[in-house]
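Asker: Now for the letters of each chain:
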Amino acid sequence: MPDQVGLELIATELGVVVPGSVRETAFFRGQASVWVEPAHVRAVLGALRERHGYRMLMSVHGVDYYPEEPRLGVHYELLDMARVDRIAVKLRVPVDQPQVESVTPDWPTANHQEREIYDMFGVVFDGHPDLRRILMPEDYEGHPQRRDFPLGGEPVLFTHNDPSSPGWTR
Amino acid sequence: MSTKSDYRRMEGSITLAPLSEQIGSQRLSSELLTLNFGPHHPATHGVLRLLVTLDGEIVQDVKPIIGYVHTGIEKTAEDKAYWKVIPVVERMDYLAYYFNALAFCGAVETLLECEVPKRAQYLRVIHLELNRIMSHLVWLGTSALDLGAMSMFWYCFREREQILDLFEMSSGQRMHTRYFQVGGVIEDIPIGFAEKVREFTRIMPGRVDQYNDLLRRNEILLQRLRGTCPLDERTLLELGVTGPLLRAAGNPWDLRKAAPYSSYEDFDFKIPVGTVGDNYDRFAVRIAEMKESVKIIDQALDGLPEGPYITEDRKIALPPRHELATSMEALIHHFKLVTEGFRVPPGEVYYAIESPRGELGCFVRSDGSAKPARVHMRDPSFVNLQATAPMTRGAYIADLIATLAMLDPILGGVDR
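Heads up: the protein sequence lines correspond to chains X and P, in order. In the numbering used here, each residue carries its 1-based index in the first sequence increased by 49. In the numbering used here, each residue carries its 1-based index in the second sequence increased by 1471.
The following block holds chain X by itself, in its conformation from the complex (with noise of 0.2 angstroms):
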């Protein structure tokens, strides 16, 4: 891991050459993050990894931060096998606009893990390959993993309660 410092020359650097993409870093439990403006997050994973040298991203992953705002979040973590270092890349969209540029072109193992941000929060990856659901059905509605989503919210269907079924057992 980069320490405070390291962490804080890598933010400012990244604020010079993908000029307006750094919010603000953070710092805990030993584990460094810097927080990205959603628009230039591919610029960003693309300096790390041309300019620090961290070029495994070992997992994408999507948090929601209801009742906070903008809710939706995307965490990148990043790897630097070498060094063995490892840094975050997060960023936050809101609900009504949950679009998020795609880094599968660049990094081909986010590929099935941006389709499950998509089915599980509803993040929109632009320039996605294939954004489609992964893990829910096709056609599913709604996003489980958001925190609103009711949790055991839906019916099981028996035959008794299958607006399809026949009627036979009736």
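Honestly, the hints are just simulated from the structure, not real lab data. The structure presented is a predicted model; accordingly, all values stated were derived computationally and were not measured. Hints are not guaranteed to be accurate.
DEER-style ranges, computed between Cβ atoms [as the list claims (entries may be wrong)]:
(1) X:Asn210 / P:Thr1524: 37 to 45 angstroms
(2) P:Thr1524 / X:Pro212: 36 to 44 angstroms
(3) P:Glu1502 / X:Asp179: 20 to 28 angstroms
(4) P:Ser1622 / X:Asp197: 49 to 57 angstroms
(5) P:Leu1506 / X:Pro186: 18 to 26 angstroms
(6) P:Asn1507 / X:Asp175: 28 to 36 angstroms
(7) P:Lys1555 / X:Pro178: 35 to 43 angstroms
(8) P:Ala1869 / X:Asn210: 40 to 48 angstroms
(9) P:Lys1555 / X:Asp197: 17 to 25 angstroms
(10) X:Phe76 / P:Ser1622: 54 to 62 angstroms
(11) X:Gly176 / P:Ile1868: 52 to 60 angstroms
Facing chain P, a subset of chain X residues (Cβ under 7 angstroms, in silico) [claimed, not checked]:
(12) Ser108
(13) His110
(14) Val133
(15) Pro157
(16) Thr158
(17) Leu180
(18) Leu184
(19) Leu200
Think of the CB as a built atom: it goes at the ideal place given N, C-alpha and C, for glycine as much as any other residue.
Starting from the known structure of chain X, arrange chain P on it as the hints suggest.
Answerer: Relative to the frame of chain X, chain P by itself:
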């Protein structure tokens, strides 16, 4: 009579010339066949569905379709107190339950800044490595079954039983043991457990040699594995593939060595690596890993320190039973922990460990309450599955089966 002569005339009209051409050559490749493979197929090792585009016997493209065992574990975890999340996340990658539990506990311990006692760390290592061997045994048995070696399955499950009996001895459960707790382990190992583990580590290296002797020079197995579906290190890294698959391509990345957790820095072990990254390397790396795990278990038993097996912090771990009868505080702590659970300071951490299939990362976000606001598992099977298509494009469909076996995806972990 006339039927027979009709048949002979028909037979004579058949020309075998197109069949003698190379499969995959231009003339035969005019028609593609899309084959639905799974979700219920023994060779997919779970409920995995693959849409395979075939040109004759050659795989042109593979599209994995997943989600058939999606059970919403991450969502369920948000509705449970931290210590009640452990049994739920254990059920994700159902062959690596100790790893799932450790990834989650480690993330929560990082949030709490909780120190885990040395004895608990060693006990965790013993169980983790037993679990790694167990997971590799299931992989070896089922993979060999896919490749036509029936008896390997029984041999592997014989040793697996022995490990499951050990788990039963230390925790009362054979699978999904709930042995790891935030701050340590639930109970110290019982009397006689160490001897039983020693008995296992004494026979296991010999058994691994037996498996090797059965398979390593087996002509059928070699034909199926050697040189099939290799993928270079660069592509694997781009796809985020970790674990034995990456090590088979020659990259010795192993979090146990690179970023040691749970006292792995105390043990002397090697990281097996392959050279070309074909199916045979993937096979050989895992076989060698089993022997290294045995070494780690032996060292952990040798150096098992005395001391507490769970943190003494009463705000996190339950007080011992005898204190409840004499101490008011212990009773209050017990009551608070069982009814509400412990509160975790707000923040978000990502904690990664080396599971049998690669980097298993757990992201936990806390909002300061007694329930996590978000739990996400970066499951290695989910990410590694993306390598199926690049590995098998241009290979025979039989090699797809072998590759899928060597990929070792656990669908419980993929779909969560």
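Asker: Does each hint hold? Answer for all of them.
Answerer: A quick look at each hint next to the structure:
In this structure the supplied range 37 to 45 angstroms holds for X:Asn210 paired with P:Thr1524, their Cβ-Cβ distance being about 40 angstroms. A beta carbon spacing of about 37 angstroms between P:Thr1524 and X:Pro212 agrees with the range 36 to 44 angstroms that was offered as a hint. The given range of 20 to 28 angstroms is respected by P:Glu1502 and X:Asp179, whose C-beta atoms sit roughly 25 angstroms from each other. Checked against the hint of 49 to 57 angstroms, the C-beta distance between P:Ser1622 and X:Asp197 comes to roughly 54 angstroms, which is consistent with it.
Range check, P:Leu1506 to X:Pro186: Cβ separation about 22 angstroms, and the 18 to 26 angstroms hint holds. Between P:Asn1507 and X:Asp175 the beta carbon distance is about 31 angstroms. The supplied range of 28 to 36 angstroms therefore holds. Between P:Lys1555 and X:Pro178 the CB atoms are about 39 angstroms apart, so this pair conforms to the stated range of 35 to 43 angstroms. A hinted range of 40 to 48 angstroms for the beta carbons of P:Ala1869 and X:Asn210 is consistent with their spacing of about 46 angstroms.
Between P:Lys1555 and X:Asp197, the C-beta spacing of about 22 angstroms keeps the proposed range 17 to 25 angstroms intact. Restraint check, X:Phe76 to P:Ser1622: a C-beta distance of roughly 55 angstroms satisfies the suggested window 54 to 62 angstroms. Restraint check, X:Gly176 to P:Ile1868: a C-beta distance of roughly 33 angstroms breaks the suggested window 52 to 60 angstroms. Nearest Cβ of chain P to the Cβ of X:Ser108: about 4 angstroms, under the 7 angstroms cut. The hint holds.
Against a cut-off of 7 angstroms between C-beta atoms, the interface hint on X:His110 holds, since the closest Cβ of chain P lies about 4 angstroms away. Against a cut-off of 7 angstroms between C-beta atoms, the interface hint on X:Val133 holds, since the closest Cβ of chain P lies about 5 angstroms away. Interface restraint check for X:Pro157: the shortest CB-CB distance to chain P comes to about 5 angstroms, inside 7 angstroms, so the restraint holds. At a threshold of 7 angstroms, the smallest CB-CB gap from X:Thr158 to chain P is about 3 angstroms, leaving the interface hint in force.
For X:Leu180, the suggested interface contact is broken, since its CB lies about 15 angstroms from the closest CB of chain P, more than 7 angstroms. This hint holds: X:Leu184 has a C-beta 4 angstroms from the nearest C-beta of chain P, less than the 7 angstroms allowed. For X:Leu200, the interface hint holds, since its Cβ comes within 7 angstroms of a Cβ in chain P; the closest pair sits about 5 angstroms apart.
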